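Protein chains in written order, with full-length UniProt numbering: chain A, 1 to 384; chain B, 1 to 384.
Since the hints were derived computationally from the structure, they do not count as laboratory data. One should not assume that every hint holds.
Copies of the same chain look alike in the list, so a pair counts if it works inside one copy or between any two.
As the list claims (entries may be wrong) - Simulated crosslink set (DSS-like; lysine-lysine; CA at most 27 Å straight-line):
1. 53 with 9
2. 138 with 89
3. 367 with 328
4. 93 with 9
5. 346 with 328
6. 9 with 380
7. 367 with 138
8. 346 with 89
9. 174 with 161
10. 200 with 328
11. 380 with 200
12. 92 with 363
13. 45 with 67
14. 202 with 328
15. 200 with 161
16. 9 with 45
17. 200 with 367
18. 200 with 170
19. 346 with 45
20. 138 with 186
21. 89 with 234
Since the model is a prediction, treat every value here as computed from it, not as a measurement.
2 protein chains.
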Amino acid sequence: MNYFSSDFKLGILGGGQLGKMLLYNTRKFDITTFVLDPNEEAPAKLACNTFIKGDLLNYDDVYNFGKQVDLITIEIENVNLDALEQLEKEGKKVYPSPKTLRKIQNKATQKLFYQDNHLPTAPFSRFAFLSEVEDAIKNGGIELPFVWKSAQFGYDGNGVKIVRTVGDLKDLPKGECIAEQLVPFKNELAVIVARNASGKVKTYPVVEMEFHPEANQVEYVICPARIALNIQQKAQEIALKTSEAYNHVGLLAVELFLTQEDDILINEVAPRPHNSGHQTIEASFTCQFEQHMRAILDLPLGSTENKVASVMVNLVGAEGYTGNVVYKNIETIMSLDGVTPHIYGKRETRPFRKMGHVTIINKEVDKDRAIAQTVKEQIKVIAG
Amino acid sequence: MNYFSSDFKLGILGGGQLGKMLLYNTRKFDITTFVLDPNEEAPAKLACNTFIKGDLLNYDDVYNFGKQVDLITIEIENVNLDALEQLEKEGKKVYPSPKTLRKIQNKATQKLFYQDNHLPTAPFSRFAFLSEVEDAIKNGGIELPFVWKSAQFGYDGNGVKIVRTVGDLKDLPKGECIAEQLVPFKNELAVIVARNASGKVKTYPVVEMEFHPEANQVEYVICPARIALNIQQKAQEIALKTSEAYNHVGLLAVELFLTQEDDILINEVAPRPHNSGHQTIEASFTCQFEQHMRAILDLPLGSTENKVASVMVNLVGAEGYTGNVVYKNIETIMSLDGVTPHIYGKRETRPFRKMGHVTIINKEVDKDRAIAQTVKEQIKVIAG
Numbered sequence: 001m002n003y004f005s006s007d008f009k010l011g012i013l014g015g016g017q018l019g020k021m022l023l024y025n026t027r028k029f030d031i032t033t034f035v036l037d038p039n040e041e042a043p044a045k046l047a048c049n050t051f052i053k054g055d056l057l058n059y060d061d062v063y064n065f066g067k068q069v070d071l072i073t074i075e076i077e078n079v080n081l082d083a084l085e086q087l088e089k090e091g092k093k094v095y096p097s098p099k100t101l102r103k104i105q106n107k108a109t110q111k112l113f114y115q116d117n118h119l120p121t122a123p124f125s126r127f128a129f130l131s132e133v134e135d136a137i138k139n140g141g142i143e144l145p146f147v148w149k150s151a152q153f154g155y156d157g158n159g160v161k162i163v164r165t166v167g168d169l170k171d172l173p174k175g176e177c178i179a180e181q182l183v184p185f186k187n188e189l190a191v192i193v194a195r196n197a198s199g200k201v202k203t204y205p206v207v208e209m210e211f212h213p214e215a216n217q218v219e220y221v222i223c224p225a226r227i228a229l230n231i232q233q234k235a236q237e238i239a240l241k242t243s244e245a246y247n248h249v250g251l252l253a254v255e256l257f258l259t260q261e262d263d264i265l266i267n268e269v270a271p272r273p274h275n276s277g278h279q280t281i282e283a284s285f286t287c288q289f290e291q292h293m294r295a296i297l298d299l300p301l302g303s304t305e306n307k308v309a310s311v312m313v314n315l316v317g318a319e320g321y322t323g324n325v326v327y328k329n330i331e332t333i334m335s336l337d338g339v340t341p342h343i344y345g346k347r348e349t350r351p352f353r354k355m356g357h358v359t360i361i362n363k364e365v366d367k368d369r370a371i372a373q374t375v376k377e378q379i380k381v382i383a384g
Numbered sequence: 001m002n003y004f005s006s007d008f009k010l011g012i013l014g015g016g017q018l019g020k021m022l023l024y025n026t027r028k029f030d031i032t033t034f035v036l037d038p039n040e041e042a043p044a045k046l047a048c049n050t051f052i053k054g055d056l057l058n059y060d061d062v063y064n065f066g067k068q069v070d071l072i073t074i075e076i077e078n079v080n081l082d083a084l085e086q087l088e089k090e091g092k093k094v095y096p097s098p099k100t101l102r103k104i105q106n107k108a109t110q111k112l113f114y115q116d117n118h119l120p121t122a123p124f125s126r127f128a129f130l131s132e133v134e135d136a137i138k139n140g141g142i143e144l145p146f147v148w149k150s151a152q153f154g155y156d157g158n159g160v161k162i163v164r165t166v167g168d169l170k171d172l173p174k175g176e177c178i179a180e181q182l183v184p185f186k187n188e189l190a191v192i193v194a195r196n197a198s199g200k201v202k203t204y205p206v207v208e209m210e211f212h213p214e215a216n217q218v219e220y221v222i223c224p225a226r227i228a229l230n231i232q233q234k235a236q237e238i239a240l241k242t243s244e245a246y247n248h249v250g251l252l253a254v255e256l257f258l259t260q261e262d263d264i265l266i267n268e269v270a271p272r273p274h275n276s277g278h279q280t281i282e283a284s285f286t287c288q289f290e291q292h293m294r295a296i297l298d299l300p301l302g303s304t305e306n307k308v309a310s311v312m313v314n315l316v317g318a319e320g321y322t323g324n325v326v327y328k329n330i331e332t333i334m335s336l337d338g339v340t341p342h343i344y345g346k347r348e349t350r351p352f353r354k355m356g357h358v359t360i361i362n363k364e365v366d367k368d369r370a371i372a373q374t375v376k377e378q379i380k381v382i383a384g
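Bound-form chain A, shown alone:
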């Protein structure tokens, strides 16, 4: 199929900031795009050819959307898989496939998949209801403290909580969840693997993630990770094994823990462009969004090498501010070397809401990290 012709139609499920950044790269290739999103004001709405409002979890909305296009991809995992399976049966290309998405969408299933495939991950127990967790604590089935994770629809720190006392369970959702052993780790890492429809694979350099203590959101993404080369290689090997096990098409972002003993454990995966790859826009030979396009269109994959070192800073709403967003001191940070802000276009800010990100690029990663600190201290996402 000639993708570089107006006959070909690409459908994207989800029109958030990932979809928006993906669309810039579809424009570069002049690909005709359809976007499905429940939000009439979705960030991606502007850069697509046809925007359709609909529920990503509703069978009919997803099925009817898919019927209009030739190839369907996603910017978010929480979509109706029955509809995607039906579309695949009817000959539509769906990347990542619903088969892959089923193994990822539910976090309990995801963890069991690692076990079944002998992929390293922290010990855990799966529970159908939160009440069972309480019983398990009482009868010694699991020990405190542990990490509670909702099996469904967790993102941006929602759906994850460290449980130190039975009381901590109080306000949690009642449904299916896992209790994961709290592993003391040195570092959180991530590796993005790209795989095209023909099975060609490329692995991005390892990034290091610094998390915000309260919000449990990534605060800095540092590339390359400041860890020993052999550990970087180990992380890439495990990411590659994970990618092989899923046999996905498109990107797979693999989030990893580096333990005190320098073991590497898989935290979770996302089969799409990912927050841990935003710095590739400025820093990599091939940005993750172009790479995802190359992969799902079965084009040759681009080089995953770095042009420069980088640090990505998430722009999240400051505590104590809700309302029309103002990016205080954005001019100040733009005067710093190698700094580019990316504003996602959400009108309303609230504490810890992801409003954008800032990329800092330089020849040396330490210089990036120092400037990133200043960026973090200077810019304030407030309401006004």
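Chain B: place on chain A using the hints.
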């Protein structure tokens, strides 16, 4: 004014491929954009908030468009300047200013401006009508051969012709023109200068241009230029002087000749993002489109340093093909190291029509140039 708010409205005159690439960067900053273009199918239509169909040279179309926005910029010089002057009188920001545009839009005026400001340029004569040129040749006022340039609306090799015999004048437009001395030059160079509203200035590295012999279109843009450092500095100094003379806001692309005697002469300028800066998207710390945005919004200018060396190849329609475009062997070139195609989205190809460009990036410029050769040999923009 807070540009990073939905209240601010940016107007762009022209919705071609330059406007389209400029818009990606407005999206990055979440700026609300209006685009005016005569073509209902303009490439930039997709990425703007509001598209208005209209004639860029019609007073009312430009004036009524400008009234709806806060700041007006251009992607093409050939716009109605009376309307822009009126809008400026009424307090709208117009960057570049109509005052600057008047000095550039007409090529005869542009050449006289260089003379008046002691900026080096090839000797020339200005003529109100083509007939006067013929007379001047006959009475020895100008010598053959010389370069004929239309004073109005020349671009992409249109409006420029080397005249070797009186017969060569036959098919030329009859209006105002200049006859420029044919200067034997080693090389064509270009330097882009960015100037923000506060007068802060930054200069990009010198690029070297290789032209297609027949089409008189840029075939390769090579950055950094493979010339001696002192000549690079000289070219940057002249570009900077030219920028100061125009006192423009936004980008100024300065095209230069390097003569056999290593003198540098100004060929022409463009007060906007330019074909000689496309490689900055992949290769520079700050791409020309983001830099133009920073300049007109009076934000701090970004670094103009290279991350990597680059070569840009124009994708033009192959001779002998007219009709629905097909990019033959695009998969082949995408398998080469550091190659990214940019497809402009024009449906119809014709000989030498600009259909897109390809950027090749690498650590060494010679490797880029070698790969660019392969790209040029492999890809064919044909009809099918």
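Quick rundown of the hints versus the structure:
In this assembly of identical chains, the alpha carbons of residue 53 and residue 9 lie at most 27 Å apart whether taken from the same copy (17 Å) or from different copies (26 Å). In this assembly of identical chains, residue 138 and residue 89 lie within 27 Å of each other by CA distance neither inside one copy nor across copies; the values are 47 Å within and 78 Å between. In this homomeric assembly, residue 367 and residue 328 come within 27 Å of each other (Cα to Cα) only inside a single copy, at 23 Å, whereas the closest approach across copies is 44 Å. Taking the closest pair of Cα atoms, residue 93 and residue 9 come within 27 Å of each other only inside a single copy of the chain (11 Å); across copies the shortest separation is 40 Å, beyond that limit.
When the C-alpha separation of residue 346 and residue 328 is checked against a cutoff of 27 Å, the pair qualifies only within one copy, where the shortest distance is 15 Å, while the shortest distance between copies is 41 Å. For a Cα distance limit of 27 Å, the shortest separation of residue 9 from residue 380 across copies, 23 Å, qualifies, whereas the shortest one inside one copy, 40 Å, does not. For a Cα distance limit of 27 Å, the shortest separation of residue 367 from residue 138 qualifies neither inside one copy, at 50 Å, nor across copies, at 67 Å. In this homomeric assembly, residue 346 and residue 89 never come within 27 Å of each other (Cα to Cα): the closest approach is 37 Å inside a single copy and 34 Å across copies.
Within a single copy, residue 174 and residue 161 get their C-alpha atoms as close as 14 Å, which meets the 27 Å cut-off; across copies the closest is 78 Å, which misses it. Taking identical chains as interchangeable, the C-alpha atoms of residue 200 and residue 328 lie at most 27 Å apart only when they sit on different chains, with a minimum of 22 Å there against 44 Å within one chain. Within a single copy, residue 380 and residue 200 get their C-alpha atoms only as close as 42 Å, which misses the 27 Å cut-off; across copies the closest is 25 Å, which meets it. Taking the shortest alpha-carbon separations for residue 92 and residue 363, neither the intra-copy value of 44 Å nor the inter-copy value of 40 Å comes in at or below 27 Å.
Taking the shortest Cα distances, residue 45 and residue 67 sit within 27 Å of each other both inside one copy (19 Å) and across copies (25 Å). In this assembly of identical chains, the alpha carbons of residue 202 and residue 328 lie at most 27 Å apart only when taken from different copies (25 Å versus 39 Å within one copy). Proximity of residue 200 to residue 161 under the C-alpha cut-off of 27 Å is found in neither arrangement, the shortest distances being 37 Å within a copy and 49 Å between copies. Proximity of residue 9 and residue 45 under a CA criterion of 27 Å is satisfied in both settings, with 16 Å inside one chain copy and 18 Å between copies.
For the homomeric pair residue 200 and residue 367, the shortest alpha-carbon distance between copies (24 Å) is at most 27 Å, but the shortest distance inside one copy (35 Å) is not. Taking the closest pair of Cα atoms, residue 200 and residue 170 never come within 27 Å of each other, the shortest separation being 47 Å inside a single copy and 57 Å across copies. In this homomeric assembly, residue 346 and residue 45 come within 27 Å of each other (Cα to Cα) both inside a single copy, at 13 Å, and across copies, at 22 Å. For a Cα distance limit of 27 Å, the shortest separation of residue 138 from residue 186 qualifies neither inside one copy, at 30 Å, nor across copies, at 85 Å.
For a Cα distance limit of 27 Å, the shortest separation of residue 89 from residue 234 qualifies neither inside one copy, at 38 Å, nor across copies, at 65 Å.
Hints 2, 7, 8, 12, 15, 18, 20 and 21 from the list above are not met by this structure, while the remaining hints are.
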